[in-house]
Amino acid sequence: MFQVRFHGRGGQGVVTAAELLASAAFREDRYAQAFPSFGSERMGAPVMSFCRIDDKPIRTREPVSEPDALLIQDPTLLHQAGIFEGLRPDGYVLVNSARGAGDLGLASFVAEHGKERLLVVPATQLALTHLGRPLPGAPMLGGFAALTQTEGPVSLGALLAAITERFTGKVAAGNADAARAAFDFVTDELKGVAQHA
Amino acid sequence: MLKQIEGSRAVAESVAMCRPRVICAYPITPQTHIVEALGAMVKKGELNAEFLNVESEFAAMSVAIGAEAAGARAYTATASQGLLYMSEAVYNAAGLGLPVVMTVANRAIGAPINIWNDHSDAMSQRDAGWIQLYAETNQEAADLHIQAFRIAEELSNPVMVCMDGFLLTHASERVDLPEQDQVDAFLPPYMPRQVLDPDDPVSIGAMVGPEAFTEVRYLGYERMRQALELIPAVEADFGAQFGRGSGGLLKLYRTDDADLIVVALGSVLGTVKDAIDELRDDGLRVGALAITTFRPFPAQAVRDALGDDDRLRRLVVLERSLAPGSGGVVTADLRTALATGDGGPRDAIVSTVIAGLGGRPVTRDSLRRMLTSASRGALPAFSFLDLDRGLVDGELTRIRATRRSGPSAENILRDLVGRP
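Protein chains in written order, with the working numbering: chain D, 1 to 197; chain G, 1 to 420.
Honestly, I wouldn't trust all of these hints.
As the list claims (entries may be wrong) - So these bits of chain D aren't anywhere near chain G, every CB distance computed over 10 Å:
1) 19
2) 58
3) 65
4) 100
5) 122
6) 155
7) 177
Unchecked claim - As a list, the in silico EDC-like pairs of lysine to aspartate or glutamate whose alpha-carbon atoms are at most 16 Å apart:
8) D/56 - D/74
9) D/115 - D/188
10) D/56 - G/179
11) D/115 - D/103
12) G/3 - D/29
13) D/56 - G/277
14) G/3 - D/28
15) G/3 - G/277
Unchecked claim - Listed next, with one range per pair, are the computed distances between beta-carbon atoms:
16) G/43 - D/1: 58 to 68 Å
17) D/150 - G/280: 47 to 57 Å
18) G/411 - D/191: 50 to 60 Å
19) D/43 - G/43: 45 to 55 Å
20) G/389 - D/108: 29 to 39 Å
Honestly, the hints are just simulated from the structure, not real lab data. These numbers come from a predicted model, not from an experiment. Ideal Cβ positions, reconstructed from N, Cα and C, are used throughout, including at glycine.
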């Protein structure tokens, strides 16, 4: 089972992102479960959502406490207590920011876990460029598909299909373009990491 | 058709295929997505029904009663305080024998105010005369609604489909939604037993005095007895039509050689089954009994399922609500079922565990710990899963020390924030 925890703020679309990931996995004939953290979802308040992907039916209903990957849609949440709690020792972290990991105070994490496990992607900027709105959900998922390619919980193709099913017209196209751009961005970053290694 | 879909949406699509003529609802979390989706279908003309935005839950059930009395298939949904506000009309629907179908998206009851999941709302209406079915997954939630209309109309008795708020209503998972023609073949058009018809006038809802009230009530009791036979028959028909098992009175999981059985209702059973598999790997002989039909309580089916040999030593009832001053609602019914009638494990030790109140997650780890302790005979007769004893003791100390100790909920929240 592959488990993902999304961290963001109310209004940033973390619930939609988790649902999109589940739909993409479903398209690849896998079982998926997406659900929100069920708080009082106020605009701007820290919120979480979860997604599980497996090859067999998923029965558990407990929150994801030992994620294989964290998608952090708002970098101001990075220093919230417990944000990395339960993360698999070699788990993945994708942070949405236009700044580098060092600037975000993540240098020690990167030193410990390796650059190929924690990457920063400017998802909000990509969303503004391609969608015209600061909604980082789709590009975060594109980046996630690139970051986790070796384990392959989801492919970019399935994600793009899920995005086009969920949205229509310009919103669908913009989200898909932003996801693709983030996928390419993270793929390039990973190549850079591999070259320096 | 297989879909990856939010539970509420799956239920809305399933209800729409049952062709209700009247949908009336007042919004309350976590039920809202269901009636929102149905409202949108009516507005788009995809569903030929009257959608009534009413001013309260009391009005929602009153409209459903009126619609049914006029011969229209009626549906509504609510949760928590909404169900309590509706309560008077809930009893009336059953007393009149009108086959309303209602979803309860289970949520805690205040105070303290809490929007999260437990079973306190539906349990508060357990004696209202409604049939109560509890869904374990969103697949079952969708399927139970189709069965609910059939059961309700055949008996002329209302049916409540209970699905865990948020845990099911807001979870996106794989659901196989039927085709319209399959539902049409399974659910015949509504033929009301009683109807307000200007061409053949009757009155419904007359006052009944001591001379006949008991007899009218007896008929409600009799309908519940009939439901115990009808529900398994509908489950079998559903299986034949749709090719999957959903509904019924109860279900068993790995109980064959079990000496410890967990009894539970609703979506917590998924986590319970995962915990059971892990405990089985550790060599414990654990199983689960899922109560799908809670009203009528399937006492004989429970006794038959548990058997009467003495291998079964312990039953742990996982209660998703608390009956203050008594203990557990389900436990009381289970104990009565074991103490009366034929068969059943009369010597099994029954423990009550109150779990998952107000949205507290019921985790596999906690279940494993609790069941391991039960298998060693160390589980008390009554306990709370994951109770924060420190918080409780802090407030109890304060109450003993000061007369004006203040509001407990706020005191406890302050203690929680102030913890190192």
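Hint check results:
no. : hint                      : result
1   : 19                        : violated (5 Å)
2   : 58                        : violated (7 Å)
3   : 65                        : violated (7 Å)
4   : 100                       : holds (34 Å)
5   : 122                       : holds (28 Å)
6   : 155                       : holds (15 Å)
7   : 177                       : holds (23 Å)
8   : D/56 - D/74               : violated (32 Å)
9   : D/115 - D/188             : holds (13 Å)
10  : D/56 - G/179              : violated (25 Å)
11  : D/115 - D/103             : holds (14 Å)
12  : G/3 - D/29                : holds (11 Å)
13  : D/56 - G/277              : holds (14 Å)
14  : G/3 - D/28                : holds (12 Å)
15  : G/3 - G/277               : violated (28 Å)
16  : G/43 - D/1: 58 to 68 Å    : violated (40 Å)
17  : D/150 - G/280: 47 to 57 Å : violated (33 Å)
18  : G/411 - D/191: 50 to 60 Å : holds (57 Å)
19  : D/43 - G/43: 45 to 55 Å   : violated (27 Å)
20  : G/389 - D/108: 29 to 39 Å : holds (37 Å)
Of the numbered hints given earlier, the model fails hints 1, 2, 3, 8, 10, 15, 16, 17, 19; all others are met.
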